[in-house]
Amino acid sequence: MAEPILELRGLSRRFGALRAVDKVTLAFERGRVHAVIGPNGAGKSTLLNLLSGELRADGGSVHFRGEDVTRAPPDRLSRLGIGRSFQTATVLEGLTCEETLRLAAQSCLRSSMRFFRPSDRYPEVNARAERALGECRMTARRSARAKDLSYGEQRQLEIGMVLATSPQLLLLDEPLAGLGHDEALAVVDLLRAIAVEHTLVLVEHDMDAVFSLAAAVTVLVNGKVLETGTPAQIRASPAVREAYLGEEEP
Amino acid sequence: MTARQRVQALLCAGALALLAVAAVGDRFWLQLFGKAMITCIFAISLDLLVGYAGLVSLAHAAFFGLSAYALAGLTNRLQLVNPLLTLPLALAAAALAALCIGWLSLRAAGVYFIMVTLAFTQMLFYLFSEAPWFGGSDGLYLSQKPLLSILGRPLLDLGNRTAAYLFIFAALVLSYFFLSRLLRAPFGRVLAGIRGNEQRTRALGFSTARYKLTAFVIAGAVAGLAGYLDAALYGFVNPAELGWRQSGLLLMTVLLGGRGTLYGPILGAFLLTFLEHYGARLTDHSSALIGAVVILVVLFLPRGVAGLVERGGRG
Amino acid sequence: MTLSLVALQLLNGVEQGLLLFLVASGLTLVFGVLGVLNFAHGSFYMLGAYLAFWLAERTGSLLFAVLLGVPLMLLFGFLVERLAVARLYQRDHLSQVLLTYGLVLLFNELSRLLFGNDVHPVATPALLSGSFKLGEVQSWPAYRLFTSLSCLVIALLLRYVILGTRFGMRLRAGASNAEMLEVLGVDVRKLFARVFSAGVALAALAGMLAAPLTTVYPGMGESVLVISFVVVVIGGIGSVRGAFFGALLVGIADTFGKVLVPSVSSAVVYAVMAAVLIWRPRGLFGAPAEAR
Amino acid sequence: MPLSRRSLLGVTGAVAASSLLPRPARSASLAKIRIGLLLPYSGTYAALGHNITDAMKLAAHEHGDKLGGREIEWVAVDDESDPAKAPANVNKLVVGEKVDILTGPVHSGVAMAMMQIVREEQTLTLVTNAGAQAVTGALCAPHVFRTSFSNWQTSYPCADVMLKAGHKKVALVFWNYGFGQESMAAFKEGFLKGGGAIVKEFPVPFPSTEFQANLSELASLKPDAVFVFFAGAGAAKFVKDYAAAGLREKIPLYGSGFLTEGVLAAQGPAAEGIQTTLHYAEALPSAANKKFREAFKKATTREADVYAVAGYDTVNLLSVALGKVKGDTAARKELIAALETARIESPRGPFRFSRAHNPVQDIYLREVKGGQQRVVSVALKDAEDPAVGCALVK
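Residue numbers (the working numbering), protein chains in the order written: chain A, 17 to 266; chain B, 1127 to 1441; chain C, 86 to 377; chain D, 2 to 395.
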């Protein structure tokens, strides 16, 4: 097995009496697409929010490239190289696609506490934004206001924002949710292209997409890891079948 | 003409008109527009918070007032009249206060933020109106207006109305360019991101709390510039300038003009100046008139007068 | 300070706090359920006081004035909600602050037009005009005791309504999650209108009860407004229980501020508020923030 | 003749249109004399502003609506009692409207802002209410007169009254702002000089009307008497709370006269027995007072008060002085000299200006009896403000 880029050791988080994430131990390997699936309320989103620093863990730890980052806030994790996308595309209202990506690309500056030179006159920022624009396939829509984009385009832009921060690990929270068939195909295609050069953690409902993209799959049920394996192993697992019985086709 | 060109033309015409007033030199208009320009500086500094960082602060008048009081203190107690000394010191006082109040207030969010800023403003207001060492509720005079002289020859005398007017004009132009430049720089883009969605911006790697605090301090310092100029223009400071009602009035100015555009609050400041100057004569119930205008603007012109200017281009 | 004086001052603080609670409860309800920051709340207090003055003068009884006045203010609140406030639910706090501030200016002028600029007395009901002896010099007017008890009764009633009735359940649902209401099949428009009217009526009732104590004058709503904001924020926005304890805290802090540090007493309440918020950024009983 | 502000506004509306452009210099004798009114017509002090204005117009009417042979043009600005707006409002009247004479304001903070500008512009100014010491003290000027009172005048005489009544240990309760602080300072000056002692001072934040905490402490201190400064709604509530706490019968209450001015009806029986000092009393028996009160009531349907008296006297003084210079406001030296030597029989009694241009007037001791304000005695004859720091007094 390759060296893990991100490791969770006994990670837990409760909401009142509910154990949303219960002693999860997992390793995500560098260079792979690793999907996390599970029925509604299994704790997938909570897990992702713990990894990206949006939520604070009650117990256990998270290690990114060997460093303990359990208590790091979201902005620090992003600077370390963990980028995340959000479930509901959270485009920045009032900004165009290009401006949005340039803002994300500003993260390559040591600090954005710069007050005089306009942001479009930083060559390295421009280059990064341009690259991300291409990678998320939005070059043609660069001057469109983010809120005027179609839902699928907003998702692409969302992924582009993550890419512009040059992450080593991408946490993607249901990138296909709510998309039509054609839009979903475009995003899957985009993810496949990104996966060539990046490590992806994918939380997703769409099983077809998961099994076509992922090299490893973890099934989460009631906050606990039910099983981890290759797509073929997961498909064949009786326990997984049982957990999903009557809910979704495995 | 695009909306942007129209705005630029408007601003240039306005600047020329303001300069023409200086050339004519009628003292009444010098004073009226001098005050209006001070309100402009004050308003655009608040717009940095309200329109760009999404922070509705009721503490803004405090920085205006603190800087004015700082000037009064430096002049009256320490006999400092040189603006090269008093201006930076007054601005530093405003910025320092903004740093302290901002650091404490920004721990709260949304409505709580509005209320904490209100609380600090009230505290300062009572401090200045009740405590014996700030001149009390009736206010303080400047014993002398700022005067810059080299080798005994006066270079800049803010006691001279035309000089004061031109100085205020220059301060407005500089503040405007400083802020518009700031908003296009990386710092300003992060603020735009925060206004769009703070959580998302934070996930992009920006420590949003630090950016908001920095914006709060910068806005406080620019408000301090306005307060300094006000004290210098009238030679008089009063605790009422620190109160939350002043902050409220300023919020009204920003909203009336159009937040999130720097020229909007400038339009708003001039509009309100005229409304107050002429509206007061039309009716005995002018505050009801202002109340009605505010309600109508909130309901039907959410983007203020600036929204009208921009829409004019498309329609 | 002797122990008996401390006890007396505590009593003063609690009495002041109870009346404050009545004003603040409406404010916190409206904010909690409707999400509207209502600067006009103090104006409703003032209008209530003026109404008490006007009706008591005509009917000769404060009781009649209250019985007539509260339904009138309920109706008035309903109208204000439908005509202006209902347009604010989707808007940000700044718009809310400004629109309701515009209402303050309008209502001030309205009361000036109707009642003039003078200070008006409201007679204490004859039944309650006596007083109790406290210590050898001071006595405590019976009417103060009556207002305190009324406020306590109203607090208990509110508690019952919120915790024990269907309407209260919807209130709590609305305060914690507005979307939940739709899921429950509640007519949100109707609920909001009712809550707003109730808030207005509570403020007006406070004004009516306070009128014999404070006399009635233009601008009387504003000092109450700012201090009840402080109460609501200390207690945690939307929490009626928080408003109750916040009001007591403010009343006691203000009273002892006047006794212990008279020269800066006005700043004491605000300092308490700042301290509470630095300790708990969402007030004493506010829901804790989830994201960090 | 009913006076209304609306007709006044009709006049100024027309002025507004003509003042869009800088005004050419007019020959002094032909044009109307322009009198600026910087007064509150809205907000807490609106009633005061209206009474002063109406009394001024009443006096003008009694002089045939002419001063020194010239017709009068009133230019009114609502100052909202907001010191933050004051510089702009004064500028509007003095520089924009170029009034010949400025009158007002009620609020001392507004007066302080006004002083700065009129000293620069050298505008002839008559202060019609604001009692801040500085107006005829540290900031006094040859062209600034005050027709109302100084804060000192309304409180200092009460010290002697209380000492004579045998009160040696006194507590002070006051609104903690300029007016209250200056009133207390004046009282203390007199009271300590006369051998009295101050037990404790209770500053109450302005404009709070929550007194319960102070009253409890006051009761436990048991001073011989209490001297207070409150006005308007605060005065109404304090007096009621004081009585309700059972203190009225036990600790005599004294105050600067504003304690019962305009709020006697609201205070009702709670005010019974309160003694205050002021330069005016509604019950003064002089013919001038009776005539004034009747005329004011007829013109406005309201009762005249101490504020109206100042407005009335302002115009009467102007009438005397402008009559001497035949309406020529350009003859400043003569006009100022005429004001300085003017003597009028005011509703409050004989009136003349001190060297600092503050009224020299009798201060009356008044007592509330049977719901009426009675004049007990003259507390201080020809009271003259000490005018500390005034350069005109050498």
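These aren't lab readings, by the way, just hints derived from the structure by calculation. There's no promise every hint is true.
Here are some of the chain C residues that sit facing chain D, going by a computed Cβ distance under 8 Å [as the list claims (entries may be wrong)]: (1) Glu142; (2) Gly145; (3) Phe252.
Okay, derived cross-link-like pairs now, DMTMM-like style, lysine to aspartate or glutamate, Cα gap no bigger than 25 Å in a straight line [to be verified]: (4) D/Lys165 with D/Glu346; (5) C/Lys218 with D/Glu250; (6) D/Lys291 with D/Glu250; (7) A/Lys163 with B/Glu1436; (8) D/Lys194 with D/Asp225; (9) D/Lys99 with D/Glu72; (10) D/Lys370 with C/Asp203; (11) A/Lys240 with A/Asp222; (12) D/Lys99 with B/Glu1402; (13) B/Lys1271 with D/Glu368; (14) D/Lys33 with B/Glu1324; (15) B/Lys1271 with D/Glu121; (16) D/Lys298 with D/Asp225; (17) D/Lys299 with C/Asp203; (18) A/Lys163 with B/Glu1324; (19) D/Lys170 with D/Glu121; (20) D/Lys67 with D/Glu341; (21) D/Lys99 with B/Asp1152; (22) D/Lys194 with D/Glu385; (23) D/Lys189 with D/Glu341; (24) C/Lys218 with D/Asp363; (25) A/Lys163 with C/Asp203.
Selected chain B positions facing chain D (in silico; Cβ < 8 Å) [as the list claims (entries may be wrong)]: (26) Ala1141; (27) Phe1154; (28) Ser1255; (29) Glu1256; (30) Phe1260; (31) Gly1262; (32) Ser1263; (33) Ser1269; (34) Lys1271.
For every residue, glycine included, the Cβ atom is placed at its ideal position computed from N, Cα and C.
A quick look at each hint next to the structure:
Look at glutamate 142 of chain C: its Cβ only gets to about 12 Å from chain D, farther than 8 Å, so that hint breaks. A hinted interface residue such as glycine 145 of chain C counts as satisfied when its beta carbon comes closer than 8 Å to some beta carbon of chain D; here the least separation is about 16 Å, so the hint is violated. The beta carbon of phenylalanine 252 of chain C is not positioned within 8 Å of any beta carbon in chain D (closest approach about 34 Å), and the interface hint is therefore violated. Among the hinted pairs, lysine 165 of chain D with glutamate 346 of chain D is inconsistent with the structure: their alpha-carbon atoms are about 30 Å apart, more than 25 Å.
With a CA separation close to 14 Å, the supplied pair lysine 218 of chain C and glutamate 250 of chain D stays within the 25 Å bound. Pair hint lysine 291 of chain D plus glutamate 250 of chain D does not hold up; C-alpha atoms about 33 Å apart against a cutoff of 25 Å. Taking the CA atoms of lysine 163 of chain A and glutamate 1436 of chain B, the gap is near 19 Å; set against the 25 Å cutoff, the hint holds. Proximity of lysine 194 of chain D to aspartate 225 of chain D is assessed by CA-CA distance (about 18 Å); at most 25 Å being required, the pair is judged to hold.
Taking the CA atoms of lysine 99 of chain D and glutamate 72 of chain D, the gap is near 16 Å; set against the 25 Å cutoff, the hint holds. Between the alpha carbons of lysine 370 of chain D and aspartate 203 of chain C the distance comes to roughly 22 Å, so the proposed pair stays at or under 25 Å and holds. Taking the CA atoms of lysine 240 of chain A and aspartate 222 of chain A, the gap is near 20 Å; set against the 25 Å cutoff, the hint holds. Taking the CA atoms of lysine 99 of chain D and glutamate 1402 of chain B, the gap is about 19 Å. The hint holds against a cut of 25 Å.
The hinted pair formed by lysine 1271 of chain B and glutamate 368 of chain D fails the criterion: a straight-line CA distance of about 48 Å is larger than 25 Å. The suggested pairing of lysine 33 of chain D with glutamate 1324 of chain B is violated, with an alpha-carbon distance near 63 Å, which exceeds 25 Å. For the hint pairing lysine 1271 of chain B with glutamate 121 of chain D, the CA-to-CA distance comes to about 12 Å; that is within 25 Å, so the pair holds. At roughly 40 Å between alpha-carbon atoms, lysine 298 of chain D and aspartate 225 of chain D are farther apart than 25 Å, so this suggested pair is violated.
With a C-alpha separation of about 19 Å, the suggested pairing of lysine 299 of chain D with aspartate 203 of chain C holds against the 25 Å cut-off. For the hint linking lysine 163 of chain A to glutamate 1324 of chain B, the alpha-carbon distance of about 16 Å falls within 25 Å, and the restraint holds. Restraint check for lysine 170 of chain D and glutamate 121 of chain D: not satisfied, since their Cα atoms lie roughly 46 Å apart, outside the 25 Å limit. A C-alpha spacing of about 21 Å is found between lysine 67 of chain D and glutamate 341 of chain D, which places the hinted pair at or below 25 Å, so the restraint holds.
Only pairs whose Cα atoms come within 25 Å are accepted, and lysine 99 of chain D paired with aspartate 1152 of chain B is accepted, the gap being roughly 12 Å. At roughly 17 Å between alpha-carbon atoms, lysine 194 of chain D and glutamate 385 of chain D fall within 25 Å of each other, so this suggested pair holds. Of the supplied pair hints, the one linking lysine 189 of chain D and glutamate 341 of chain D is violated, its CA atoms being roughly 30 Å apart against a limit of 25 Å. Restraint check for lysine 218 of chain C and aspartate 363 of chain D: the C-alpha separation of about 42 Å exceeds 25 Å, so the hint is violated.
About 54 Å separates the Cα atoms of lysine 163 of chain A and aspartate 203 of chain C, which puts this hinted pair outside 25 Å; it is violated. Annotation: interface hint on alanine 1141 of chain B violated; nearest CB of chain D at approximately 21 Å, more than 8 Å. Checking phenylalanine 1154 of chain B against chain D by beta carbon gives a least distance of about 4 Å; that is within 8 Å, so the hint holds. The interface hint given for serine 1255 of chain B is met, as the beta carbon of that residue sits about 6 Å from the closest beta carbon of chain D, less than 8 Å.
Taken as an interface hint, glutamate 1256 of chain B checks out: its beta carbon lies about 5 Å from the nearest beta carbon of chain D, inside 8 Å. Hint on phenylalanine 1260 of chain B is violated. Least Cβ distance to chain D is approximately 12 Å, over the 8 Å limit. Contact between glycine 1262 of chain B and chain D, as hinted, is supported at the beta carbon level, the nearest pair being about 5 Å apart and thus within 8 Å. For serine 1263 of chain B, the interface hint holds, the least distance from its beta-carbon to any beta-carbon of chain D being 4 Å, beneath 8 Å.
Taking 8 Å as the C-beta cut-off, the interface hint given for serine 1269 of chain B is violated, the closest approach to chain D being about 11 Å. Taking 8 Å as the C-beta cut-off, the interface hint given for lysine 1271 of chain B is violated, the closest approach to chain D being about 10 Å.
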